[in-house]
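Between the sequences and the hints, there should be enough to build the whole structure, so can you do that?
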Amino acid sequence: MARHHLSGRYSICGLGVTPVGRVTGNSLLWNEVEAARLAIEDAGLERKDIGAALQALSDPGGGMRMRHDDAFPRVLGLPVKIYCENVGRGGEYAAMAIVTAMQLIELGVANYVVVSGARDDWSRSRAIKKRGERGTGMAARLGRWGHFYGSTTAAVFHALIASRHIELYGTTSEQLGRIAVAQREWACLNPQATMYGAPITIEDYMNSPMVAEPYRLLDMCQQSDGGIAFVVTTTERAKDLKRPPIKIMGIGFGEHMDHLLQTGDHLTSLAVDTAREQAFSQADIKLDDVDVAQLYDCFTGEVLFQIEGYGWCKKGEGGAFLDAGHLGPGGDVPINTGGGLLSGFHMGNLTCFAEGVQQLRGEGGARQVKDAEIALVTGHGGEILSGQMCSIHSSLILGR
Amino acid sequence: MTYNGPLPSVTEETEGFFEAARNGVFALHRCAHCRTWYWPASACRECPNEPFLANMRWEQASGRGTLYSVVIPRRTFHPAFPAPFVYALVKLDEGPLMPCGVDVPPEQAKVGLPVEAYMVKLSEDYTVPRFRALST
Numbered sequence: 001m002a003r004h005h006l007s008g009r010y011s012i013c014g015l016g017v018t019p020v021g022r023v024t025g026n027s028l029l030w031n032e033v034e035a036a037r038l039a040i041e042d043a044g045l046e047r048k049d050i051g052a053a054l055q056a057l058s059d060p061g062g063g064m065r066m067r068h069d070d071a072f073p074r075v076l077g078l079p080v081k082i083y084c085e086n087v088g089r090g091g092e093y094a095a096m097a098i099v100t101a102m103q104l105i106e107l108g109v110a111n112y113v114v115v116s117g118a119r120d121d122w123s124r125s126r127a128i129k130k131r132g133e134r135g136t137g138m139a140a141r142l143g144r145w146g147h148f149y150g151s152t153t154a155a156v157f158h159a160l161i162a163s164r165h166i167e168l169y170g171t172t173s174e175q176l177g178r179i180a181v182a183q184r185e186w187a188c189l190n191p192q193a194t195m196y197g198a199p200i201t202i203e204d205y206m207n208s209p210m211v212a213e214p215y216r217l218l219d220m221c222q223q224s225d226g227g228i229a230f231v232v233t234t235t236e237r238a239k240d241l242k243r244p245p246i247k248i249m250g251i252g253f254g255e256h257m258d259h260l261l262q263t264g265d266h267l268t269s270l271a272v273d274t275a276r277e278q279a280f281s282q283a284d285i286k287l288d289d290v291d292v293a294q295l296y297d298c299f300t301g302e303v304l305f306q307i308e309g310y311g312w313c314k315k316g317e318g319g320a321f322l323d324a325g326h327l328g329p330g331g332d333v334p335i336n337t338g339g340g341l342l343s344g345f346h347m348g349n350l351t352c353f354a355e356g357v358q359q360l361r362g363e364g365g366a367r368q369v370k371d372a373e374i375a376l377v378t379g380h381g382g383e384i385l386s387g388q389m390c391s392i393h394s395s396l397i398l399g400r
Numbered sequence: 001m002t003y004n005g006p007l008p009s010v011t012e013e014t015e016g017f018f019e020a021a022r023n024g025v026f027a028l029h030r031c032a033h034c035r036t037w038y039w040p041a042s043a044c045r046e047c048p049n050e051p052f053l054a055n056m057r058w059e060q061a062s063g064r065g066t067l068y069s070v071v072i073p074r075r076t077f078h079p080a081f082p083a084p085f086v087y088a089l090v091k092l093d094e095g096p097l098m099p100c101g102v103d104v105p106p107e108q109a110k111v112g113l114p115v116e117a118y119m120v121k122l123s124e125d126y127t128v129p130r131f132r133a134l135s136t
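One line per chain: the protein sequences are A and B, in this order. The first sequence begins at 1 in my numbering and counts up one residue at a time. The second sequence begins at 1 in my numbering and counts up one residue at a time.
Careful, some of the hints might be misleading.
Straight-line C-alpha distance at most 25 Å; calculated DMTMM-like pairs for lysine to aspartate or glutamate [what the hints assert, rightly or not]:
id, chain 1, residue 1, chain 2, residue 2
1, B, Lys-91, A, Glu-255
2, A, Lys-242, A, Asp-42
3, B, Lys-110, A, Glu-317
4, B, Lys-110, A, Asp-265
5, A, Lys-239, A, Glu-85
6, B, Lys-91, A, Glu-167
7, B, Lys-110, A, Glu-174
8, A, Lys-81, A, Glu-46
Simulated from the structure, these hints should not be mistaken for lab results.
The following block contains the structure:
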């Protein structure tokens, strides 16, 4: 098998991460602007070099993020030939934006493409709590299916799929807890993580309150404010810049569009199969070649499903795999090495992406995985029927 | 008590379902050719479809099913839905799965429990099905 002709031809040459987490006070737009500014500076580029800009944003469930403000490329004065808004679906931004960026460069529209994404879930959830509700404001007066049954927040409908896995395979709460504990251990090595300095044990997990049974508080991800941006260019051009190129080795996608509510198939899996096969074959790698994996983890169940889907263990055997203790610092399967969305921060899969880039650059500090050369970064999202099922999955292989 | 929660966002594609509910009828989308049931609104996956899915109609269904996957919110996320309550995927006798509010005590909400739909009026304009334990 040979690598795809585009594998390794494009690279990430700049990364910008604003203060992120429980950091209120900056708007979505201001975080997009600041992240993009940092990414351009990180690459050693000037604003005049940027030929295209993409906004990594999606409509999260039922709460439309209506924008009445300006666009980050204009605020920054980027001389772009094209700006696309809302490149993203659910929590998947990075892979969709990179595919778009690669084509814009391939077609000669731009030499350098900046992608910037921000979220304001922490601020919004504070405001919503003040009016006596919880979550990120999905329950508008008119809501999607589920809202009028009380499924007004992601935890409720996401718990349906974990509940099904428990029913079918006998997975236990304690096994889900091992994911939460392992990722907290990683977060405690990551000063950027919201839960840095706040270790937990499996007892803490078992004592944490049920929120949407079977999910406990510690099965749920962070809500964060902040922005993350990156710059894409050809690997040839990236070699002359400030930072070592982080190569885009493979990108694959999958959809669980069909038969979700008709047959119940795929309720205990993400659409990993096609995404994995496309990305791994483009990069010409196997699972064993992956040195660090940043798996989209809005809840613990999604991590479990991906551990099975990518083949670290067989379908249905994820619980036993977790009992065997492969995760966490010192384990043989480095997953979500920055703490992930669960204990790090939630910038959609830009969280996973940024950690993947930092690991390959060797910037991981105390959490650095030795000699990390290949990173798997995944994304997940898309709302069907108020997000009972998130249908898209993306696999992105990065290499140095 | 007056319902003070979110109301359904009804679209052209789903208004047949909500119109039936207003008339006390639990309806599913059904293919006029092969008679396969669907929910939500779908093109038939067994037959070639007519232009604009003219073969698909909202028809009265049994309203019966069994619990397939169960979630019990233990925290109140919205004042209209005090915890605990039951939110579940109901495996309808006709085949499709429907995520729905189920009015049984949490300890009774086990996978396989037979349930039946009944209509609940949320406001003057909106009525929706909920499920309860099948009366024997």
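Handout entry: Lys-110 (chain B) paired with Glu-317 (chain A) [C-alpha distance capped at 25 Å]
Key = holds (23 Å)
Practice task
Quickly compare the C-alpha distance for Lys-239 (chain A) and Glu-85 (chain A) to 25 Å and report which way the hint goes.
Solution key: Not satisfied, since the Cα-Cα distance of roughly 29 Å exceeds 25 Å.
Practice task
Take a quick look at whether Lys-110 (chain B) and Glu-174 (chain A) sit within 25 Å of each other, Cα to Cα.
Solution key: holds (20 Å)
Practice task
Take a quick look at whether Lys-91 (chain B) and Glu-255 (chain A) sit within 25 Å of each other, Cα to Cα.
Solution key: Answer holds: Lys-91 (chain B) to Glu-255 (chain A) is near 22 Å, not above 25 Å.
Problem - Restraint status (C-alpha distance of Lys-91 (chain B) to Glu-167 (chain A) at most 25 Å) - result: Measuring from Cα to Cα gives roughly 14 Å; hence the hint holds.
Handout entry: Hinted pair Lys-110 (chain B) and Asp-265 (chain A), Cα distance within 25 Å
Key = holds (20 Å)
Problem - Satisfaction of hint between Asp-42 (chain A) and Lys-242 (chain A), Cα-Cα up to 25 Å - result: Distance of about 7 Å is within 25 Å: holds.
Handout entry: Satisfaction of hint between Glu-46 (chain A) and Lys-81 (chain A), Cα-Cα up to 25 Å
Key = Measuring from Cα to Cα gives roughly 16 Å; hence the hint holds.
When each numbered hint is compared with the structure, a violation occurs for hint 5 only.
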